[in-house]
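Use these hints to put chain B onto chain A, whose structure you have.
Here the protein sequences come in this chain order: A and B. For the first sequence, UniProt numbering begins at 1 and goes up steadily by one. For the second sequence, UniProt numbering begins at 1 and goes up steadily by one.
To be clear, the hints were calculated from the coordinates, so they are not data collected in a lab. Any given hint might turn out to be false.
Restraint ranges, calculated between C-beta atoms of paired labels, are given here [said to hold, decoys possible]:
1. A289/B to S161/A: 39 to 47 Å
2. D130/B to V53/A: 40 to 48 Å
3. A289/B to V158/A: 52 to 60 Å
4. H171/A to A363/B: 34 to 42 Å
5. R150/A to T137/B: 54 to 62 Å
6. S408/B to L308/A: 50 to 58 Å
Derived coverage of chain B by chain A (criterion: at least 3 residues anywhere in the stretch with Cβ under 8 Å from a Cβ of chain A; other residues may be distant) [said to hold, decoys possible]:
7. 234-245
8. 350-363
Quick reminder that beta carbons are idealized off the backbone N, C-alpha and C, glycines included.
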Amino acid sequence: MTTSSITAPAAAREPRTTVPDPARQRRRRTLARWGFVAPAVVFMLLFFGYPLVRNVVMSFQHYTPKTFFTGHAPFNGTDNWSHVFRDALFGKALWHTLVFTAGSLLGQFCIGLALAVFFNRRFPLGGVLRSLILLPWLVPMVVSGVVWRRILDQDTGVLNSFLGTLGLGGHTPWLTSPGVALLSVILVNIWIGIPFNMVILYGGLQEIPRELYEAASLDGASAWRSFRSITLPMLRPVITVVLVLGFMSTVKILDLILALTDGGPADATQTLGTLTYQNSFVQLDFGAGAVVGNVLILISAVFAVFYLRANRTEGK
Amino acid sequence: MSKRFNTSFSTRIVAAACVLVASATLTGCGQDRDDGVYTVLNSSTDETYHRWDAEAMARCGKRLGITIEQQSVPAAQVMTKALRMASSKSLPDIVQFDASEMPTFAEAGGLIDLRTLGLSTRDIPRGIVDFGSYKGTYYGAARSVNTLALFYNKDVLRQAGLPVPTTWDELRASAKKLTRGKRYGLALSAGGAEDGVFQFLPFMWSNGGDERRLDGPRVVQALDFWKSLLKDGSLSKSTVSWTQADVNDQFMAGNAAMMINGPWQVETLNTDKSLHWGIARIPVPRAGAASVGPLGGAVLTVPNTGDAARERMAGRIVACLSSEQEQLTYALNSWMVPANEKAAAVWRKRVPELQALAGQVAAARSRTAELGAGWSSVSLALQSAFQSALTGQSSQAALKRAQQRATSGN
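Bound conformation, chain A alone (with noise of 0.2 Å):
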């Protein structure tokens, strides 16, 4: 609007050209592409680029609490980097990161598209229902943690009094035993998980033609072959999507192991999340922390890229 208004009176005291000249066109538009590209170009460099390069660098130094008064902090080489790989908690931390991410995302996965498939059918109170399956989304992480603490609980916790009046036992050491923690965290994962993966697979699921189910019955076929034949291929792109971000909010956790088991019993439920925030925030050692973050960042970019893969040979 501006631009118009103001150039009008300026062109009117050139000498009008016909023609308009093509070179200085090209580049009128060429400047005005970057100009819509810049804001997203800024914030990117400024949000997510600084704090990236920031980050490499800092685990390539000395970097201590003294550093906050001097801003001085000397590299170090790689001393940060092996000093990280040869502490056994590290090894361990990422096995737990592994299991525990391929653990929730396998539950989250298989429940939510269970679900999203149940509520694919209208049934009297199906809103209701859906909607009510919605709630742990809506807790906040940290009060889901702290309430999952007091329902874990050895000897007063509701579950075990649960099972225990079944008859089940009711002794289970959910969040005291370091056999048992690491799939307790991954269960209460596993259920803040579903919601999420319930309504993108059923926004999913809404999009699937219903002819292409009524062909399938009139050739015979059963629930569980429209299912595999109609239902999985064309879900495949949303099934992409939920892993994928899925993966990123796994892979990362720290909130939820901290208010569970605060990495216990014994590091049973270290993370890469936790080592990092006790490398940084507990030993105040801000080059090991920044080791542990890059690892994890490198661990999601290798991700990321077989999702850019797999989505351009899908745009194909």
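Chain B alone, transformed into the frame defined by chain A:
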């Protein structure tokens, strides 16, 4: 013409955006220090503590003719908040650190020697001066100190006809006898945070254990004692996931006959009028041995802001807040023991029921006295060790691993 206009237009937009972003970040950094207003960064996020501090600051502000404001953040964030403020040159005039964190900030060169600001350590016991010192320099003035003690349910012990245990053997036997139904004999915190370490130290130190040698036989014995309580069933298996606040909840709910805890729980304990609790020194390995607990509490420090005049005034504020009278008021409110000897003497008369605590404080040790800023590594290693041992590993193996971890600095 139009091209020139476009360039200048877009440059202007970019410039405007830069100014916006820059001013947004700079207002965060540059701080207008108001001459008559001084700020204290502390962790008094509880309503009661916040109010007590606000009242004390109002009194001192009136005496010194200034306004003192407090900025409270959760205890775990004081250090990181202060560091961030240091890098943006916006440190408050006074920071109240947990005494175990103070050495880290002092080591980085962030604190002013309180003696140069005219603070005296007269009437403050040697142990508490050390508690606020790092490498011999007095950086932190404590208003009150605390430590752990054995809290017991008077009614339950009387019904069982048991005396208050004073040695480990007595504690183990009593705890076993008092365990009945859903009630455990003893509750303590072995959680994976500083809480758990704080609770392990009285057992480790009273037995002669040394934090510089975590795999020493004295430390192993102390951990074996914890394991024996768990094996007897006198401790809940959830001990490894409890914080000290959880322990207090269990005790108040009648799920534990005795507990290890600190005086900061007294206010909560007193909300239940039907609960009759008593307090005693933490039992020792052998009759006659000294009960040595960890000294806890916060210290008031003056960070290095480079503004000498404000630092001098900050010193006067710290002196006022930690004066004998203010200490007594604060200690009576919070149930902690005043750092100043004279104030502590008055306190003992006013709160005779906490007599045992005063004795325990006098013998208590600072966690950072030997290790200074290296404490956090040892603390993390120790947490992992007692959690491993309480969930199945042998004490010897767990502590050996902890010592390796502590010395490798990881």
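Hint by hint, here is what the structure shows:
1. A289/B to S161/A: 39 to 47 Å: holds, 42 Å
2. D130/B to V53/A: 40 to 48 Å: holds, 44 Å
3. A289/B to V158/A: 52 to 60 Å: 43 Å Cβ-Cβ, so the 52 to 60 Å window is violated.
4. H171/A to A363/B: 34 to 42 Å: holds, 40 Å
5. R150/A to T137/B: 54 to 62 Å: For R150/A and T137/B the Cβ distance comes to about 45 Å; the hint is violated.
6. S408/B to L308/A: 50 to 58 Å: Given range 50 to 58 Å: violated, Cβ gap about 40 Å.
7. 234-245: It holds: at least three residues are needed, and the segment 234-245 of chain B offers 6 whose Cβ sits within less than 8 Å of chain A.
8. 350-363: violated (count 0)
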